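Here are the chains, one letter per residue:
Number of protein chains: 2
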Amino acid sequence: MRNSALSALGRRTTEPPISWLMHAALSRPRLISLAAGFTDPVSLPVTETRTALNLVLRSPRTGRPALQYGSTAGEPKLRQLTARHLRHLDASSASSSSSSRRSKSRTRMRMKDKDENYCSAHLLITSGSQQLLYMTAEALCDAGDIVLVEDPTYFVFLGILQSRGLRARSIRLQRDGLDLAHLEQVLQSLRRRGELRRAKFLYLVSYFQNPTGITTGFDKKRGILKLLKKYEQAAGHPLYLLEDAAYRELRFAGRDVPSALSVRGASDRVIYAGTFSKPFATGARVGYGILPEPVFSAVKHIKGNHDFGTANLLQHLTAQTLASGSYARHVTQLRRRYAHKAGVMKQAIKMYFPPEIEWWEPEGGLYFWARLPRQIPTGVKSEIFRSALRGDVLYVPGAICYADDPTRRKPDHEMRISFGNASEVDIHEAIKRLGNVLQKFL
Amino acid sequence: MRNSALSALGRRTTEPPISWLMHAALSRPRLISLAAGFTDPVSLPVTETRTALNLVLRSPRTGRPALQYGSTAGEPKLRQLTARHLRHLDASSASSSSSSRRSKSRTRMRMKDKDENYCSAHLLITSGSQQLLYMTAEALCDAGDIVLVEDPTYFVFLGILQSRGLRARSIRLQRDGLDLAHLEQVLQSLRRRGELRRAKFLYLVSYFQNPTGITTGFDKKRGILKLLKKYEQAAGHPLYLLEDAAYRELRFAGRDVPSALSVRGASDRVIYAGTFSKPFATGARVGYGILPEPVFSAVKHIKGNHDFGTANLLQHLTAQTLASGSYARHVTQLRRRYAHKAGVMKQAIKMYFPPEIEWWEPEGGLYFWARLPRQIPTGVKSEIFRSALRGDVLYVPGAICYADDPTRRKPDHEMRISFGNASEVDIHEAIKRLGNVLQKFL
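Quick note, the sequences are listed as chains G and W, same order.
Using our numbering, you'd call the opening residue of the first sequence number 4 and step up by one each time.
Using our numbering, you'd call the opening residue of the second sequence number 4 and step up by one each time.
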């Protein structure tokens, strides 16, 4: 047989670039990887998880149910706790910023508390938030459809678009989030070319963005939703905002920003993707989404076909840690830990990076973003990347975080460097190695 | 907005019929459900799971890794243990049947042990075997493509086909598996009509089939693979056999049948889907697949986009129970338990069902299959179904297990009744109630 039987999707789906990077890492024992977005291994809540699992499995009320099938949308108690958790996050962030604003925002918050943006009825538990991103693309997009993304954005999401035959239109990023003027330009241009009906949603990594570390301000979220609404008539259908808040709880400086769910009157256009994996145990892979109808029902039924519900044992574990407060305690510790590791990386960058390099310090999450002078490439085939690998240090080349958008140039002079996985000593050493490489090319 | 933004897939994906049945059950507290394919709750391995998790999380070697991200294909140790487990199943089943055959089969078995059919390199760990079924359909089929299925078959799989816009062609079922003559007829007819190039694989629930309880004999598996091979030239690409062995280890009578992987020279056309959920803890949701290239790579990359790997904690749990022997001990107990429950159901059926009803006793799995006289419907809108519901007993109507195949009539006079979830007392009582209803209509 010369021909394969693969579908168009099967043919389009390729190995993600990060896998290649991982393989490269495996063959070099001395290598320090600043590439992977892994969780800090030292802080993984091994004891907390063991305690919670023993409680779940010892209790006659939860022991057997945790090992039985559940429902597709998720364990009812976890859905309730998650909805409450999210409502609490948004309420605290709104009130913490209200002191510097007018009382109007406080009034708005009171209204929000009453409305149903955080209703567990529209909350779906997923296998990490990644599964929600995938299923949202399935529910909303046919091959050839258009998704608006940040420029740059989360490269695994770009892999989903590529696999499903979707087109990306990239929106310029400013230090405080999406460039609203550019978003409007892109929407106008799509309308002019009769392509707006192919646009379905805007994908926004709103907190400590992967890869740049940028956080989108609340006013920008409001602005995005307003613009999307403005162009719905021409699109002929709702234009959704998919807010990926995966890193939200990993803030170690500054104040939390309310989610797009709390933009007044816009919750029927917001799909919120959250996760307990990154702030607690990545190996437990429990994420969640809040989605408006009809997207919620479509995604829930799609999930029924995928796996008819996330493993009940993991859901009971997560509910237990949320209810007991062990989740909250762990997140507090984890933030301190990342603050410290980010500090170590920052000091090392100051010490070893040449002054020509611009770098962005995040207020949370796992990533620094560094920009070299434009003419110096950092991609996998570049001299810098190969020198770094020979020097036993690995980073994520910025280029793989840019969509294939024919209307945009793909920068190739940046790097994502993560302080998540490496130890403090290794962070220092790796930045020193990387600094040495960079000195040679500048 | 009048129009929704949903994709064709989003629009096609509907609530599975089983959900509707579950809802119906919830509102009637006295109802006994023989509908759900749930695991026996009393036998769920709560203590074994707790012990295994404590071992995993107490060990410095596995504690943190279990809570970290893993690789997309799965935890290397679990992949090895699973490959060995499967090789062992096939080797035992082949040798147990060799006494009644010629020594040729023993020689064949020795050869097989050397070959790479059970290589962990082509083994992928998934979130239950359900996820493997979904991703296989993604990797192989475009909308409009054809999948061959048993008539009847697993209705959630039919939901996947429906959702993805695929067409089913149903192959008649005999008491020992697929009707090979009818399979050839269907393949011929597809070739005649120029549609064979749209056919991609045959889906076979090979052990104690859902819903009929039928097991496909080894010779039939060989026959299926031979026929598929014969028509590949006309199809222009490989025609795969997707063997869904979800119930395989739940055998309580008779001898195991080797899987299609052990059909000589055919392993490059077999996709084998197995699971640890049904024989151990359904709430842990760990399944696996062995797939030939290029399907393996395509499915692995698709899994990367879905969730980049099944929860590591569950994989470590499963590896621990396999390695310690607690898995094997549990399966032995579970088989005894299901043998007993099937016996209770059989006695009750003999006692309460009218003699006009034909029923099939399984040698394993979770289901009896009952056939009423042809003119008496059992579907959700039938008098029998409604009477049964009023009488507080629920079954799966046979009709929902038949594909929408324009070339086949959809029988509506059968029922799937499960002894998996209900207690012995409830099984007896439910069959009595169902018998009373049936008596009224016969």
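Heads up, a few of these hints could be off.
Since copy identity is lost for identical chains, a pair holds within one copy or between any two.
Below, simulated SDA-like cross-link-like pairs (lysine to any residue); rule was C-alpha separation at most 25 angstroms, straight line [unchecked claim]:
id: 1; residue 1: 229; residue 2: 7
id: 2; residue 1: 229; residue 2: 362
id: 3; residue 1: 233; residue 2: 7
id: 4; residue 1: 233; residue 2: 71
id: 5; residue 1: 229; residue 2: 377
In case anyone wonders, no lab produced these hints; they're calculated from the structure.
In this text, all values refer to a predicted model and were calculated from it rather than measured experimentally.
Evaluation of the provided hints:
1. 229 to 7: Cα proximity of residue 229 and residue 7: across copies only (19 angstroms, versus 46 angstroms in one copy).
2. 229 to 362: Answer is neither: 32 angstroms inside a copy and 62 angstroms across each miss the 25 angstroms cutoff.
3. 233 to 7: between (45 angstroms within a copy, 16 angstroms between copies)
4. 233 to 71: Neither, since 47 angstroms and 43 angstroms both go past 25 angstroms.
5. 229 to 377: neither (34 angstroms within a copy, 60 angstroms between copies)
Going through the hint list in order, the structure does not satisfy hints 2, 4, 5.
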